[in-house]
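A.B. asks: Produce the complete structure using the sequences and hints provided.
Below, each chain spelled out in residue letters.
There are 4 protein chains.
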Amino acid sequence: MNLKLDTTSPQAIYLQIVEQVRLQVARGELEAGCKLPSVREMALTLRINPNTVARAYRELEHDGVVVKQQGRGVFVADQTVTLPATERRSQLNPHLDALLVAAWRIGVTPDELVQQLGDRAQEFFAQKSPRARKR
Amino acid sequence: MNLKLDTTSPQAIYLQIVEQVRLQVARGELEAGCKLPSVREMALTLRINPNTVARAYRELEHDGVVVKQQGRGVFVADQTVTLPATERRSQLNPHLDALLVAAWRIGVTPDELVQQLGDRAQEFFAQKSPRARKR
Amino acid sequence: MNLKLDTTSPQAIYLQIVEQVRLQVARGELEAGCKLPSVREMALTLRINPNTVARAYRELEHDGVVVKQQGRGVFVADQTVTLPATERRSQLNPHLDALLVAAWRIGVTPDELVQQLGDRAQEFFAQKSPRARKR
Amino acid sequence: MNLKLDTTSPQAIYLQIVEQVRLQVARGELEAGCKLPSVREMALTLRINPNTVARAYRELEHDGVVVKQQGRGVFVADQTVTLPATERRSQLNPHLDALLVAAWRIGVTPDELVQQLGDRAQEFFAQKSPRARKR
DNA sequence: GTGGTCTAGACCACA
DNA sequence: GTGGTCTAGACCACC
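Residue numbers (numbering that gives the first Met the number 0), protein chains in the order written: chain A, 0 to 134; chain B, 0 to 134; chain C, 0 to 134; chain D, 0 to 134.
These are calculated hints, taken from the structure and not from any lab test. Computed from a predicted model, the values in this text were never measured in an experiment. Treat each hint with caution, since some may be false.
Given that identical chains are not distinguished, each listed pair holds provided it fits within a single copy or across any two copies.
Claimed, not checked - Pairs of lysine to any residue, SDA-like flavour, derived with a Cα cap of 25 Å:
| no. | residue 1 | residue 2 |
| --- | --- | --- |
| 1 | Lys-34 | Gln-115 |
| 2 | Lys-3 | Ile-47 |
| 3 | Lys-67 | Val-100 |
| 4 | Lys-34 | Ala-97 |
| 5 | Lys-34 | Gln-90 |
| 6 | Lys-34 | Pro-109 |
| 7 | Lys-67 | Arg-104 |
| 8 | Lys-3 | Arg-88 |
| 9 | Lys-34 | Val-100 |
| 10 | Lys-3 | Gly-72 |
| 11 | Lys-3 | Gln-114 |
| 12 | Lys-67 | Val-17 |
| 13 | Lys-34 | Ala-84 |
| 14 | Lys-67 | Pro-109 |
| 15 | Lys-67 | Ala-42 |
| 16 | Lys-34 | Gln-114 |
| 17 | Lys-3 | Gln-90 |
| 18 | Lys-3 | Glu-122 |
| 19 | Lys-34 | Val-17 |
| 20 | Lys-67 | Ala-101 |
| 21 | Lys-3 | Arg-46 |
| 22 | Lys-34 | Pro-49 |
C.D. replies: As structure tokens, then:
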């Protein structure tokens, strides 16, 4: 799995797990059907409280990123979301605004920002598995 | 001032204030030197506790967004930040990654995302005051 | 921890805490990673309101002196600061001036002052932990 | 008089006045017997509230830096303070400690600090009036 | 158990 | 009038 936690971060540990799992799923490093470590196992390897892992998995399941199967374990779900285009756009706008403000505060122009996003997107999908491109 | 609070949001009220003031300063709707409502005044209009407003103002001052003057009030600070380009870029990367993941999850491709960011940036600086463009 | 508060002082209680913790960290009496009393615990022992302690800890975290970990407690942060020499000097000048004036007012000559600072510095780092000298 | 106020500073305006007057007296720029501007006059030139000036003068008088003479004005007092040496030393210690902590935090060693204080003291008494050296 | 937020209301210092 | 501090006590999220 290869998760990196920063216990000093203001971000809650369970959220760090959620985010990193999401990222790995997004990049195709974790494919649909893939089994994740059990709560106890991950808690041991990360040296954190099992409750914290359970909380992360709960969140991920609620978001449809993983599926729990009683007695078998936790698996990466099939990622098939299709929202109407307009809704997709409007969902992202708050994030875009936050980004624009953050950029503005440190003197990055919108043009530079768009440029950098393009670059980053390419790096981001410098894919492990070709699946990541298909979407 | 026109702030909108969502008391049902998981985000703390004082943070909602911080974010919205920051946004308005970034867009140039609030210019440097502009006086903000007093702690008590904003508390009354938003129907929240003065301490909560004070907390928001404290954070904003601390970030250099506003300046408090004893007995006079709270004012928008001169916004002048210039970091080296490399640092500017690296500071933004985490935000960009989060955005890419969020987009990917709801089925927005990187290309669409870049496109949408461009659009949003234009709207964003559909300037109230020409100052907002200068930076 | 051994903190001494003076409730008659014009200096705010939370600032007294901030200052004393900083001092103890500087002297190496509190080492990096060291756990501080919880908010409630310190509030009880100092017989002050927990909010006041929380405020002090917030400032200290914000200054990078301590790190808070949700549900675990407050810990002394790794202290690693390195500013360019010129900036270091200029940052200190206001303090030096204030000191010179204070000394002058009570009839201490600059020479005596320099002497006394040297003595005090030695006492100051009469190290508990050798770490305090390394910096 | 040549006072410079920073209304954005967290330091109260009246304290800025107090400090600068003290400094000028210490440096010998203002000699004993010298008349200071009246409350109204200073308030006008600095464009601040007369109450603020009055407050500063009250503080200065209380400290024995100036003397008010009803109907005549405010004058620089004769600066003759002589405390026993031990008390002089102990009065300064808190200031010295604060300085040492501040220095330590930004990576200045005690030796460098002593050095810098010596330099600063020389500059400081690069005297206007020879009187400043006599003490 | 830990810290985080919010409220209510008091008192003080500053302009 | 302004903001600053402190208290008391509630409720929540995290580990």
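A.B. asks: Each hint should be assessed against the structure and marked as holding or not.
C.D. replies: Hint by hint, here is what the structure shows:
no.	hint	result
1	Lys-34 / Gln-115	neither (34 Å within a copy, 35 Å between copies)
2	Lys-3 / Ile-47	within (12 Å within a copy, 35 Å between copies)
3	Lys-67 / Val-100	between (38 Å within a copy, 22 Å between copies)
4	Lys-34 / Ala-97	between (34 Å within a copy, 23 Å between copies)
5	Lys-34 / Gln-90	neither (30 Å within a copy, 30 Å between copies)
6	Lys-34 / Pro-109	neither (40 Å within a copy, 27 Å between copies)
7	Lys-67 / Arg-104	between (42 Å within a copy, 19 Å between copies)
8	Lys-3 / Arg-88	between (31 Å within a copy, 21 Å between copies)
9	Lys-34 / Val-100	between (38 Å within a copy, 20 Å between copies)
10	Lys-3 / Gly-72	both (22 Å within a copy, 21 Å between copies)
11	Lys-3 / Gln-114	neither (28 Å within a copy, 32 Å between copies)
12	Lys-67 / Val-17	both (15 Å within a copy, 21 Å between copies)
13	Lys-34 / Ala-84	neither (31 Å within a copy, 38 Å between copies)
14	Lys-67 / Pro-109	neither (42 Å within a copy, 30 Å between copies)
15	Lys-67 / Ala-42	both (17 Å within a copy, 21 Å between copies)
16	Lys-34 / Gln-114	neither (36 Å within a copy, 35 Å between copies)
17	Lys-3 / Gln-90	between (28 Å within a copy, 18 Å between copies)
18	Lys-3 / Glu-122	within (20 Å within a copy, 37 Å between copies)
19	Lys-34 / Val-17	within (15 Å within a copy, 28 Å between copies)
20	Lys-67 / Ala-101	between (37 Å within a copy, 22 Å between copies)
21	Lys-3 / Arg-46	within (12 Å within a copy, 37 Å between copies)
22	Lys-34 / Pro-49	both (17 Å within a copy, 23 Å between copies)
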